[in-house]
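Protein chains: 6
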Amino acid sequence: MATVRPPQDPEQDPRVKAVFDDIRATRGTDFINNVWRYLAFDPALLESVWADIKAVMATPSALDPKTKEMVYVAVSIANGCDYCTHSHTAAARAKGMTEAEHADLLRVIGTASRLNALLNGLHIPVDAAFDADAAP
Amino acid sequence: MATVRPPQDPEQDPRVKAVFDDIRATRGTDFINNVWRYLAFDPALLESVWADIKAVMATPSALDPKTKEMVYVAVSIANGCDYCTHSHTAAARAKGMTEAEHADLLRVIGTASRLNALLNGLHIPVDAAFDADAAP
Amino acid sequence: MATVRPPQDPEQDPRVKAVFDDIRATRGTDFINNVWRYLAFDPALLESVWADIKAVMATPSALDPKTKEMVYVAVSIANGCDYCTHSHTAAARAKGMTEAEHADLLRVIGTASRLNALLNGLHIPVDAAFDADAAP
Amino acid sequence: MATVRPPQDPEQDPRVKAVFDDIRATRGTDFINNVWRYLAFDPALLESVWADIKAVMATPSALDPKTKEMVYVAVSIANGCDYCTHSHTAAARAKGMTEAEHADLLRVIGTASRLNALLNGLHIPVDAAFDADAAP
Amino acid sequence: MATVRPPQDPEQDPRVKAVFDDIRATRGTDFINNVWRYLAFDPALLESVWADIKAVMATPSALDPKTKEMVYVAVSIANGCDYCTHSHTAAARAKGMTEAEHADLLRVIGTASRLNALLNGLHIPVDAAFDADAAP
Amino acid sequence: MATVRPPQDPEQDPRVKAVFDDIRATRGTDFINNVWRYLAFDPALLESVWADIKAVMATPSALDPKTKEMVYVAVSIANGCDYCTHSHTAAARAKGMTEAEHADLLRVIGTASRLNALLNGLHIPVDAAFDADAAP
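Line order of the protein sequences matches chains A, B, C, D, E and F. Numbering (UniProt numbering) for the first sequence: 1 to 136. Numbering (UniProt numbering) for the second sequence: 1 to 136. Numbering (UniProt numbering) for the third sequence: 1 to 136. Numbering (UniProt numbering) for the fourth sequence: 1 to 136. Numbering (UniProt numbering) for the fifth sequence: 1 to 136. Numbering (UniProt numbering) for the sixth sequence: 1 to 136.
These aren't lab readings, by the way, just hints derived from the structure by calculation. Bear in mind the structure is a predicted one, so any value in this text is a computation, not a measurement. Ideal Cβ placement from N, Cα and C applies to all residues, glycine included.
Which residues of chain F face chain E? A partial, calculated answer using Cβ under 7 angstroms:
hint : residue
1    : 74
2    : 83
3    : 119
4    : 124
Let the sequences and hints guide you as you build the complete structure.
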């Protein structure tokens, strides 16, 4: 059950069609997943979300595509986004994440979450050694 | 201001000393950062936290050390742990994260957080294509 | 699947009936949504939750009803409450939120979430200019 | 203590100068707050964050500027971003939020957070009446 | 640095004085901690927050006072509220929490947080055996 | 829909069988709930998660088993973990939590969440009286 109703025939709107065409061309597949079909309820929002995802996730940058997808999964789990966890776990696999890497990713996320809670409970002062802003 | 008082001379307790010695040996440095000094208020908790961190972060595994530290940073930011964000950003740098990779990491975390919120607001049904549990 | 079992005939309990009657009178409808039917498992909790919601959301105050519902939606999305996001998106619509306003609300929530993550990752010092407690 | 070191003389970089000039022109003030000074460590990230903020918060849209700032504050509180809560509470005030509206905003955020937790603890099924995707 | 300015002489307002008097009488101490001094910026909000805290935390109920404070600490850590973590850790101690219980509390919170993350990453279907709503 | 596929016959792997046997022996029941069946996709992760849960939740410690389960529920609600909320609410009941205690637990969680949000919105300075690290 969604909070917006997706348009029945979204590509009748030329702005939506242009985004869908670019998704298909960028990804090399005809599959348009639900997030884009629902975001089509507001073409301007659709355009800005796709522009963001394309620039950050589908454009070569300092980190490789698989690493970026695994970071995305980690953030999505911490923020409790079900759809994002499913879609980006699938994307990480499509970009080469092995089953062993998936297990290791979950292991790191679990340990970090444990320590995050412990340290938020202890409120330990941050060591001066960690200050990026200090003079060298 | 912390919620526990760290012991004045923690290594007087042999269990604490054994953990601190192992931290120094594993990391190849004499620096013991505050998290361990404060966790020494309860030696059993100190031991189990260090065992967890050592097994997950300091033992060779499917993901390389730099990637694991960047995932740790991503989770710590999402969970709002200040100490963890500082200490693991420093650790990621120590394991080779460049300034460009740090910026890219933050870019991915920011975009994921934006989409996490949007999709938690839309409650879009997860595509069947993302079901890892489906028969092939 | 819920973690409590709602009473079969909740209005047999006069405390529950009094709350349900007040909900119907305050909202001008016979519809009692599930949250109240389930909270009826503990009449004292039901009473205090309804008193809180009525005082904050159904009583004239500094902010208009539509704005209050949109703020409620924003908080519910950030806290990952599915039921709340659905019910208060519906309430905001019932109080006049247009489709364009809904899209704009989601846009602001998305951008805020992106920046929240970035700034939790950077730990930038707060400008003195933002100190409400400073002498004028 | 920040995790990145802001450039000493950021406007020597023409990309940074262009963004700072646009911030000053858009806001009608010479004040450049810390978030922009620190984001200048990566000009591309600075540009994309400012473009996002400008399009969403400083461009006329369906919701008025004060409402958008209050929604931004609500999200920032829920996500635990200190800097964002301070800077956007100040921005909401600058756009007309009264002290009574601030108190009312906090009241709604508090009640929503209480109910978010209760309903995440109860896992009540969402009423069919809230399904935006249902046929009318 | 706070987002509101606390009144200089809060007890000049009779509504504030009545709340402060009740806090002193209920707690048997003259100490009024900062949360009440700052909430005094809006007497109606102060009254409703104190009424909530008094009814839930300072009134005999099914759970004993020490357990309630420990649950409060757990929630505050998970929600990243620094002030709340400090004040309710102190309150739990005042109500009898020992150092060993504090360490055990943190241990449970850490393990729960680890598992919460793992299971949010796996999205395992909930066992029918956990359905409180099922017929016996 | 899960993000990993559970093994069809998990106990064929002797490491998985050893964990399942220990779960059955420790809990005195033949019921193995889904979390263990899915974690079996990675025997090392299964072993470390069970070792953690067994040491923290199934071994006598400073806090009694019912209190530990209620704290676990509180954390799971705050972190938005559906599976964990269901399974540990059931576990708390199995260890003696009454319906009145469940309602009281939810009441404390709700009030803490409200105050967490309010105080994250106000950023009140922590009273020196709460400093565990201060000299006595």
